[in-house]
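**Q** Protein chains in written order, with our numbering: chain C, 1 to 483; chain A, 1 to 319.
Worth double-checking, as some hints may not be accurate.
[Said to hold, decoys possible] Only some residues are given here: those of chain A computed to face chain C with a beta carbon under 10 angstroms:
1) Leu3
2) Ala98
3) Arg99
4) Arg157
5) Asp159
6) Pro196
7) Arg197
8) Pro305
[To be verified] With a cut-off of at most 25 angstroms between alpha-carbon atoms, the simulated PhoX-like pairs for lysine-lysine come out as follows:
9) Lys272(A) - Lys269(C)
10) Lys163(C) - Lys306(A)
11) Lys139(C) - Lys404(C)
12) Lys393(C) - Lys404(C)
13) Lys269(C) - Lys194(A)
These are computed hints drawn from the structure, not numbers from a lab. Don't be surprised by glycine CBs; every beta carbon is placed ideally from N, CA and C.
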Amino acid sequence: MGAKSFGHYQQISQCFDELVQADGQIRPPAAAIARFIDRHGSAELIQRQEQLNQTISAMGVCFTLYSDGNNIDRCWPLDVMPRTIPSSEWQKTSAGLKQRLAALNLFIDDLYHDQRILKDGKVPADLVLDSRNYLAPCKGISPRYGVWANICGTDLVRDGSGKFLVLEDNLRVPSGVSYMLENRTVMKRVFPELFADSFIYPVDDYPHQLWRMLASLSPRPGDVPCIVLLTPGVYNSAYFEHSFLAQQMGVELAENTDLLVQDDIVYLKTLHGLQRVDVIYRRVDDIFIDPQAFRPDSVLGIPGLIKAWAKGNVSIANAPGSGVADDKVIYAYVPEIINYYLGEQPLIDNVPTYLCLDPKQREYVLANLGQLVVKPANESGGYGILIGPRSTKEEQQQMAEAIKANPRNFIAQPTLALSTAPTLCDGVLEPRHLDLRPFILQGRDLYCTTGGLSRVALKKGSLVVNSSQGGGSKDTWIINDEV
Amino acid sequence: MLLKSLDHIFWLGRYLERLDDTARLINATSHLLIDSHKDSQFSWPLLLDVLGQNGAELLSQLPPSDLTVEQQVMSFLITDADSEVSIRSACSALKQNARTVRQLIPRDMWEELNSLDLFLQEHCQQLQGRQHRYRLMTEVSRRCQMVVGVLDGTMLRSDAFDLFNIGRHVERADMTTRIMDVMVLQQLQPTDIKRPRFRWTSILNALGGIESYHYYLAHQNTEVDAVDYLLTYADFPRSIAYCLHRVAASAKALPHSAAILQRVWQLQDLLKTQNLSELTTGQLHQLIDQFQTGIIELHEVISTPKPEFSTDLSQQMSA
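Let the hints inform the model, and build the full structure from the sequences given.
**A** Set out below in structure tokens:
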């Protein structure tokens with residue numbers, strides 16, 4: 001396949017491009033899309049992008065912004081060019097993601113029981129026990145199968161050589177999976193011929209897998225479980241996803257006022273009276289879910305929920321306290337954690353990470369702020385991050401002071417040459433940086449999505465992919481290359 | 001279904017029907033204007049009054065404008081975001097309710113609703129001329145019917161489905177009586193004189209009922225008119241009798257069906273005890289008023305099932 005497919009597409013040197021090889025040849029999994037462009041030209045591509053935008057607005061695929069007056073819903077940004085990954089590579093990646101979640105769950109369970117790993121000195125005890133995500137009231141509790149983080153969204157990036165690395169684990173309330181599903185629905189409508197042309201693995205079994213996983217957590221295994229999805233409400237930024245998943249799974253979408261706890265049993269207020277709840281898929285942060293157990297000022301919580309959960313009368317996914325492993329400092333120890341609990345080497349590596357906690361590493365970080373990415377340990381959504389090469393002296397100075405004041409709260413990583421993919425920008429294909437968030441489920445079984453949500457930085461040269469900060473997305477195609 | 005969702009799904013049905021019926025009312029008005037002689041006075045305040053607005057006050061407050069009163073009233077009924085009765089605000093309320101109970105409705109319906117909303121955003125700005133308005137309103141009605149059709153063909157028969165249908169038929173009964181009221185009051189002031197026979201071809205046309213009305217006439221022994229037809233002919237889907245029948249049928253599986261059914265029977269009795277063709281115009285107007293009050297009461301019992309959640313659990317546990 002010649003280079004003509006993408007016209008004057010200019011790769012960024014040092015970056016791995018997902019669709020085009022360094023020599024300008026199209027990668028085999030992208031053959032179908034390249035053929036399409038050869039056959040129809042880029043004008044057709046632009047027209048399909050327009051059709052795609054209309055489909056998204058007709059389908060009502062949106063996300064919610066907090067401070068936007070009445071018009072709170074924004075159309076979900078999806079780029080017409082898919083990202084392709086060969087299935088042989090995905091097999092290994094998916095195995096690595098499952099390995100990682102299994103180890104993290106063994107780790108969390110250990111932290112709330114014997115704390116062997118701390119006693120053995122593999123992870124510094126104060127790091128865990130002083131973390132605001134370590135919830136002491138959870139000590140001694142045993143969720144079903146010993147699994148605390150049932151739903152995990154792991155962010156992957158590729159380095160300059162194209163190797164997948166884990167950027168972070170999201171073990172609290174990871175979001176984005178609904179957009180992965182909707183992206184596919186939209187793409188199938190807009191590019192039916194491409195789906196006929198190559199074998200693209202489907203993604204649409206996720207809602208059922210999620211339901212199965214949640215059902216496996218039921219404390220009354222013989223009965224049909226009553227599962228609810230707990231949302232903070234219609235103004236939450238992920239409300240679209242909450243209602244989408246509830247609808248796709250066929251479970252109730254409840255807010256805290258729809259639930260009550262009596263005699264340590266959780267009930268749902270239905271039209272027909274109270275119904276006992278078995279499993280709560282909560283999309284509310286753990287410290288807000290029960291004002292009696294954690295924050296007394298929480299207006300999103302259900303009083304008595306934690307006691308009901310501790311008694312085993314209801315399952316909560318993710319279990320409260322699982323966020324202890326969703327800390328960017330703990331992240332640095334995950335390879336060690338995998339080795340400790342499973343006796344295996346990690347199948348996917350971490351991005352090299354410097355802990356500001358460690359005096360030597362801190363010294364290095366402070367001396368090299370201009371080259372590093374510095375992240376606070378417990379923020380999400382891309383907030384509070386310093387991207388060294390793009391920062392001003394003043395920002396670096398501020399960050400240096402923040403690090404010195406609270407070294408435990410910061411990690412630093414080298415600025416990666418994140419991979420790129422051709423993206424339609426103002427009618428022209430240009431390389432844009434992207435990441436990938438697959439979703440991994442663990443209940444009785446382990447499951448990993450086929451691909452995940454690819455987020456793409458739409459601004460030229462930008463590394464910020466979060467939709468709340470102007471990022472877009474791409475449909476991710478796992479293409480069968482094993483036939 | 002969550003108790004909380006009851007109101008949203010009920011209002012979803014109401015607003016969808018309101019959108020359709022407001023479009024029909026606008027078309028019925030246009031028909032009436034076309035049918036009227038040039039020198040006959042159309043009472044715009046009256047049209048606004050039957051929609052629950054203070055018509056005289058509203059019209060007196062209109063800013064000076066090059067537009068005719070007709071155009072101004074139509075903009076109030078179609079595009080005005082501040083007007084409680086406009087097509088635009090009905091659609092935005094519809095969308096808000098759908099968003100809140102999205103998990104209960106089929107995704108095809110969600111998509112139809114979005115496409116309806118986008119259509120209105122795009123087209124409801126241009127209101128020039130009766131012809132254009134007629135096409136626009138017909139399209140609104142058509143799209144509302146598509147939403148209902150999608151739902152009918154795909155939605156699980158559940159409490160939510162029943163409540164949606166109850167909402168639709170309560171609203172329809174409400175709007176049919178309002179439309180009748182416009183027609184009665186536009187043509188005759190309420191008096192003690194026995195009313196003349198109403199044909200109302202234009203309104204029946206707007207309600208899509210002209211053919212079935214002729215069928216009805218052909219199969220009745222007694223003298224009947226459009227009033228009897230719209231109130232009592234239960235085979236016509238926009239008659240009051242039909243709407244009440246549908247509310248009762250949909251309410252049967254609900255936990256508070258007894259209270260709902262009782263209200264429905266009271267309204268049905270109102271129809272049975274009157275000799276409609278003997279009513280004076282004043283009595284007819286009064287009867288329509290009684291219906292309106294009855295519909296408000298019916299709405300109240302539907303949206304307040306009041307299960308007690310905090311007392312005896314054993315009695316309230318559902319299967």
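**Q** Has the given pair, lysine 269(C) with lysine 194(A), been kept, meaning a C-alpha gap of at most 25 angstroms?
**A** Violated, because 53 angstroms separates the two Cα atoms, which is more than 25 angstroms.
**Q** What's the verdict on lysine 163(C) and lysine 306(A), does the C-alpha distance respect the 25 angstroms limit or exceed it?
**A** violated, 59 angstroms
**Q** Taken at face value, is the distance from the CA of lysine 404(C) to the CA of lysine 393(C) at most 25 angstroms?
**A** holds, 16 angstroms
**Q** With a cut-off of 10 angstroms, does the beta carbon of alanine 98(A) approach a beta carbon of chain C closely enough for the hint to hold?
**A** holds, 9 angstroms
**Q** Is the hint on arginine 99(A) kept, meaning its closest Cβ partner in chain C is under 10 angstroms away?
**A** Holds - the Cβ of arginine 99(A) comes within 10 angstroms of chain C, reaching about 6 angstroms at its closest.
**Q** Between the alpha carbons of lysine 139(C) and lysine 404(C), is the straight-line distance 25 angstroms or under?
**A** Violated - the C-alpha atoms of lysine 404(C) and lysine 139(C) are around 32 angstroms apart, more than 25 angstroms.
**Q** Checking hints one by one. Is aspartate 159(A) an interface residue toward chain C, by the C-beta closer than 10 angstroms rule?
**A** Where the cut-off is 10 angstroms and the nearest Cβ of chain C is about 6 angstroms from aspartate 159(A), the hint holds.
**Q** Min Cβ distance, arginine 197(A) to chain C: is it shorter than 10 angstroms?
**A** With a closest approach of 46 angstroms, the arginine 197(A) hint is violated.
**Q** Once the shortest beta carbon distance from proline 305(A) to chain C is found, is it less than 10 angstroms?
**A** Where the cut-off is 10 angstroms and the nearest Cβ of chain C is about 6 angstroms from proline 305(A), the hint holds.
**Q** For the hint on proline 196(A), does the least C-beta distance to chain C fall short of 10 angstroms?
**A** violated, 48 angstroms
**Q** Taking the closest Cβ pair, is arginine 157(A) under 10 angstroms from chain C?
**A** violated, 14 angstroms
**Q** With 10 angstroms as the cut and Cβ atoms as the points, is leucine 3(A) at the interface with chain C?
**A** holds, 5 angstroms
The structure does not agree with the numbered hints 4, 6, 7, 9, 10, 11, 13 stated previously, though it agrees with the rest.
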